[in-house]
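Could you build all of it, start to finish, from the sequences and the hints given here?
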Amino acid sequence: MLKQTLIPVWSLLIGIAILTMASALQSSLIGIRASIEEFNTTATGLIMSAYYLGFILGSLLVPNWVKNVGHIRVFAAVASLASVTILLQSVVVDPWFWMLMRMGTGLCYAGLFIVTESWLNDIATNKTRGRLFSIYIIEIWASQTISQLLLNLSSPSGYGLFILTSVLISLAVVPLLLIRTPSPTINVPEKLNIMGLIKTAPLGVTGVTIAGATSGAILGLGALYAKSIGMNIAEISLFIGASYVGGMLLQWPIGKLSDRQDRRVTILWVGIVGAIAAFIVPLGVGLGSQVLMIFGMFSVGAFTFPMYSLASSHINDQLRPEQILSASSGMILLNGVGGMIGPLAAAALMDVIRIDALFWFVALLNISVAVVALYRIKHQPAMIIEDQGDQIPVALTVSSVATAEMLVEADSSTHPEEKSHEVEIKL
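Note that the sequence shown covers residues 1 to 427 in UniProt numbering.
Read the hints as simulated data drawn from the structure, not as lab findings.
A couple of the hints might just be wrong.
[Stated by the list, open to error] Here are the simulated distance ranges between beta carbons: (1) Asn152 to Val91: 18 to 28 Å; (2) Val91 to Asp259: 24 to 34 Å; (3) Asp122 to Ser80: 37 to 47 Å; (4) Ser157 to Asp259: 39 to 49 Å; (5) Val84 to Arg260: 43 to 53 Å; (6) Ile276 to Ser80: 43 to 53 Å; (7) Gln380 to Asn232: 28 to 38 Å; (8) Ile377 to Ala77: 43 to 53 Å; (9) Ile276 to Arg354: 16 to 26 Å; (10) Ile72 to Ser157: 29 to 39 Å; (11) Ser157 to Gly288: 24 to 34 Å; (12) Leu249 to Leu283: 20 to 30 Å; (13) Leu283 to Ile36: 37 to 47 Å.
Please read all numbers here as calculations on a predicted model, not as lab measurements.
Glycine included, C-beta positions come from ideal geometry on N, C-alpha and C.
Here is the structure:
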């Protein structure tokens, strides 16, 4: 059965894996190289934030491009641009230029993931979608982890890793060109009134926004932090890789737990434990224990990266199936805004206070989610557990456009009847 599920999509899965490795490798590489070039922390934060601005723009623009000129042309165009932007960063070493290139990179990656994910979703059937999506999420997390090991192949101070990233992006195009199935149709989601989403699920909105801020800060500035405390490249790759492993291993069990109880309770304790975990890394630095530092990053990834899945599932619990696709565009916008704010705010704190402020900031964000969750638990009646949809694990690089279609399928199959609690959202 697994073989039959994978045969139609093997080339797409290979392409997505290569693309994910390029994306995660590039993020760490830019942070390390910025430290080597002695960019100040605020400048590095701006560079990392620009990626999320580009990703938001890409998520809004690319579906219309695909509708007008087709999947293959859009994919080839944005892949070529993504290869160019990373190569130019190795040639022109300037913070403002890098910020512009990172914004272009974010736009390109949004396009690449939207095209590949929509194609993957179109090939999947109702019988295979659940298994295929699980394999896809595992593949994303595994690729992100492996990408950190690639940092050891060449010195970040040279051209090698920039060229490798460009090569990976180019290679990701090849499997897509080998696929035999016709291009799918991407439905451009209707625009959602963000205020309507906030009124419907304030905790969920808080969660998806803060999830963007925490992941943006950790993954955008984590390599810079590691370089600043004296880690070598091999140690940095383990340090960042540990966060991906933590997120991968605990994503599923935390999600399953949230399905069996009031999801707000899960968000509450995940926020609290995530805040505690954030202090482990500075503690390890103070004690001079590298093992404790890496365990700290594992714990941070384990209890902060699943927050987006939990929060988006909580939002989806409040919606009818036909509302989920349009709500997803609002969620990715809020997550992207968080992703822009996170590195900027964390970098400013690291400059003004000290380097450990990165993890103090992450702790503060997690506590904020926990406080909102506690308030909602006390002032809003709990949903009947049977009315909750199944939590869908979401990886950090997915575009959410195609993922939303999978959420619609999952929600419809779990609750084919209309939900009893009607929610009005102005679209």
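Hints and how they fare:
Judged by the Cβ atoms, the range 18 to 28 Å given for Asn152 and Val91 holds: they are separated by roughly 23 Å. Distance hint check: the CB atoms of Val91 and Asp259 are about 50 Å apart, inconsistent with the given range 24 to 34 Å. Distance hint check for Asp122 and Ser80: the Cβ-Cβ separation is about 24 Å, which falls outside the suggested range of 37 to 47 Å. The beta-carbon spacing between Ser157 and Asp259, approximately 47 Å, falls within the hinted interval of 39 to 49 Å.
For Val84 and Arg260, the Cβ-Cβ distance of about 48 Å falls inside the hinted range of 43 to 53 Å, so the restraint holds. For the pair Ile276 and Ser80, the beta carbons lie near 45 Å from each other, so the given range of 43 to 53 Å is met. The hinted window of 28 to 38 Å between Gln380 and Asn232 is violated, with their beta carbons roughly 49 Å apart. Taking the beta carbon of each, Ile377 and Ala77 are about 48 Å apart, inside 43 to 53 Å as hinted.
With their beta carbons about 20 Å apart, Ile276 and Arg354 fall inside the hinted range of 16 to 26 Å. For the pair Ile72 and Ser157, the beta carbons lie near 37 Å from each other, so the given range of 29 to 39 Å is met. In this structure the hint that Ser157 and Gly288 lie 24 to 34 Å apart at CB holds, the actual value being about 26 Å. For the hinted restraint 20 to 30 Å between Leu249 and Leu283, the CB-CB distance of approximately 22 Å keeps it satisfied.
A C-beta distance of roughly 27 Å is found between Leu283 and Ile36, which places it outside the suggested range of 37 to 47 Å.
Checked against the numbered hints given earlier, the structure breaks hints 2, 3, 7, 13 and satisfies all the rest.
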